[in-house]
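**Q** Each chain, letter by letter, is given below.
Number of protein chains: 2
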Amino acid sequence: MPVITVIGDGQLARMLQTAAIELGASLRVLAAKPDASAAQVSADVRLGDYKDLDDVRLAIEGSDAVTFDHEHVPNEHANKLIDAGFNLQPQPAALIHAQDKLVMREKMKEISAPVPPFAAIESVEDATAFFDEVDGAVCLKARRGGYDGHGVWFPSTREEVETLVEKLLGDGVPLMAEKKLAFTRELSAMVARTPSGEARPWPVVQSRQENGICVEATAPAPDMSDELRKRCEVLSVTIAEELGVAGVLAVELFEYLDDNREPTIAVNELAMRPHNTGHWTQDGSVTSQFEQHLRAVLDLPLGDTATLKPVTVMVNTLGADASPEMPVYQRVREVMARFPEAKIHLYGKDHRPGRKLGHVNVTGEDLDNTREIAELAAHFIVHAEWRDGYSA
Amino acid sequence: MPVITVIGDGQLARMLQTAAIELGASLRVLAAKPDASAAQVSADVRLGDYKDLDDVRLAIEGSDAVTFDHEHVPNEHANKLIDAGFNLQPQPAALIHAQDKLVMREKMKEISAPVPPFAAIESVEDATAFFDEVDGAVCLKARRGGYDGHGVWFPSTREEVETLVEKLLGDGVPLMAEKKLAFTRELSAMVARTPSGEARPWPVVQSRQENGICVEATAPAPDMSDELRKRCEVLSVTIAEELGVAGVLAVELFEYLDDNREPTIAVNELAMRPHNTGHWTQDGSVTSQFEQHLRAVLDLPLGDTATLKPVTVMVNTLGADASPEMPVYQRVREVMARFPEAKIHLYGKDHRPGRKLGHVNVTGEDLDNTREIAELAAHFIVHAEWRDGYSA
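Protein chains in written order, with the UniProt record's numbering: chain L, 1 to 392; chain V, 1 to 392.
Bound-form chain L, shown alone (with noise of 0.2 Å):
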């Protein structure tokens, strides 16, 4: 097989570690340190700064592909890159919409793939024109480096407008607002794309997040028109295809009512790598989207993307404000004992507040029974407490 390098070493990089085991490959991982959640479980780690050109390049060295579990490497560096000969996928002529928001929306509309209104926003002029269009409902948000719910803002009021466009373009943040949409819930539309053409797309999932962050995820979504569903995938397909994405691409939707009270989508965000809102596939879906992303970047063929049971749902675990007294093992223990049936993934991580530190999925027949598994033992995992009040 191939060698491939990953540029990142966060859970996403280590996921994809385990798909590139089980193809009878091992990836190649460039990491910021020694310890860090994908280094810790590769066998050939180069350490080095992702944004320094000199470390890529002497990382991706004899590399067949190289790839990233994130969007952050300047596109630069990426373009000398690919002068110099590295198959880098996907390529910063697609990443460039995972990077900048503006420049997303505007592709978007090119292709008549629905956003909300939105603007570029210059100056605070632009702001306050922009808030007057609609009406107040601004979402703010900075062009480049946000996730997680980082860099985008919700001024309420003009006032609040003009302070905060004022601070925030004086500290040099490129900024683009967009109209708040009323939105019923949020919905990750996935698709993997090969540098070839082939596009395969898994089942559109719901996901909920909090304070920006996903927290959980249900596959296939619930309560949607067959239309609807379609519609999300051929979407997904199309912004891959228009892009020329290749590797696992992320479309998080927003599905709100239309003027006809009837349940439309419009998209919110692209990610161009693994996504949580996919962790699901692990255990949920024929192929996983860390094996998919391996096979899209080498240009191999697509793997199934049929789902192995009606419901997956994925609860992500977070750090809690304060770490349980309870050693995470022993927290651990107390959920393999209670449902045999949850499929826990750690990533190595030390605990912070918020960070991502693991995720448990659950495959069942049963919407609500299947949620409550995967709620009940992300909970425990995350506070060493029963939400439902059991006891051993």
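Quick caveat, the hints were computed from the structure, so don't treat them as lab data. Be careful, since some hints might not be right.
[Stated by the list, open to error] Below 27 Å or equal to it, Euclidean Cα-Cα: the simulated BS3-like pairs (lysine-lysine) are:
1) Lys309(V) with Lys230(V)
2) Lys309(L) with Lys230(V)
3) Lys309(V) with Lys309(L)
4) Lys356(L) with Lys51(L)
5) Lys230(L) with Lys309(V)
6) Lys349(L) with Lys33(L)
As the structure is a computational prediction, the values presented were derived from the model and not from experiment.
Given chain L, put chain V in place with the hints provided.
**A** For chain V alone, coordinates are given in the frame of chain L:
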């Protein structure tokens, strides 16, 4: 998560590694060579000889649990390490039954587990007497060290028995003989047990051997009464309990027709580690044998062993007599293109005729179709040829 060391560097250790990573840990591996199957994919490799007490002691220092991917660590070493406070699982008192075929059969008899008639063979006279007793239906076995068809002989005449036994005893091979059963098929009843005594069987599997090597497994075993199915599962649990097994136990079984022409079973061999007939669990069961083995040796509660789909078929990819000209990567590509549902597992090993290089799992609703896909896929990976004449 605790540190686990696995003594052994083959594909079983490799697949334990992927399970360990998802559980938030990483296996330490005692390997003979840095490029061994498991060593290639392990961040913590200790090079050494598993037969050398000092090598083993050094490798396992600081481990919370120590386990094996084979049964060949000398028991006197294992006992010394246990006396020194190391937590070896399974323990020699159990392992001896997977090491010595005579000790195993004597134990089976003691606990009333069904085995074919057998005898210790310490002289040519023992052998000829047994030959007469079973009307010439003799299978001769080396008590220790046999695997994949090695160490098993089927002499067909009294003279052959005499010559063979004289030679083997002369060479110092400890022997036993067993009545050759006219079996209808081979089955495998797999179970995991923790040191605390929790045991969970998987559904019994039908396996197919060629030249003594497992080539295919179908889960659950088709065409079987619920009563016999249950009997196999109960038998595996009983054996695990009576022998004090910790970890995964494979009970290889013969199915044959009793005097009333009803299917019944007898124990063939035992293995105390993940087993080839359990590879299907990676893609066909809620809990894979690799995750379960880790949970068991760590004395964690065991995972659900339910199937994900009505049928899973596993077919080994064994090295062909001559490696096809088409590179393995290209063969994998073609299989992926034709069968997106095939789960391909490769062990990172160089080609050798008959060598276990990987396996293919396919899950499905229909037995014949699922098996056909798994067999075609594995055949192509081995021979670069579609057995059904398909061309892309």
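**Q** Evaluate each hint against the coordinates.
**A** Verification of the supplied hints:
1. Lys309(V) with Lys230(V): Given pair Lys309(V), Lys230(V) holds - Cα atoms ~19 Å apart, limit 27 Å.
2. Lys309(L) with Lys230(V): 25 Å, holds
3. Lys309(V) with Lys309(L): Holds, because 8 Å separates the two Cα atoms, which is no more than 27 Å.
4. Lys356(L) with Lys51(L): 23 Å, holds
5. Lys230(L) with Lys309(V): 25 Å, holds
6. Lys349(L) with Lys33(L): 12 Å, holds
Checked against the numbered hints above, the structure breaks none of them.
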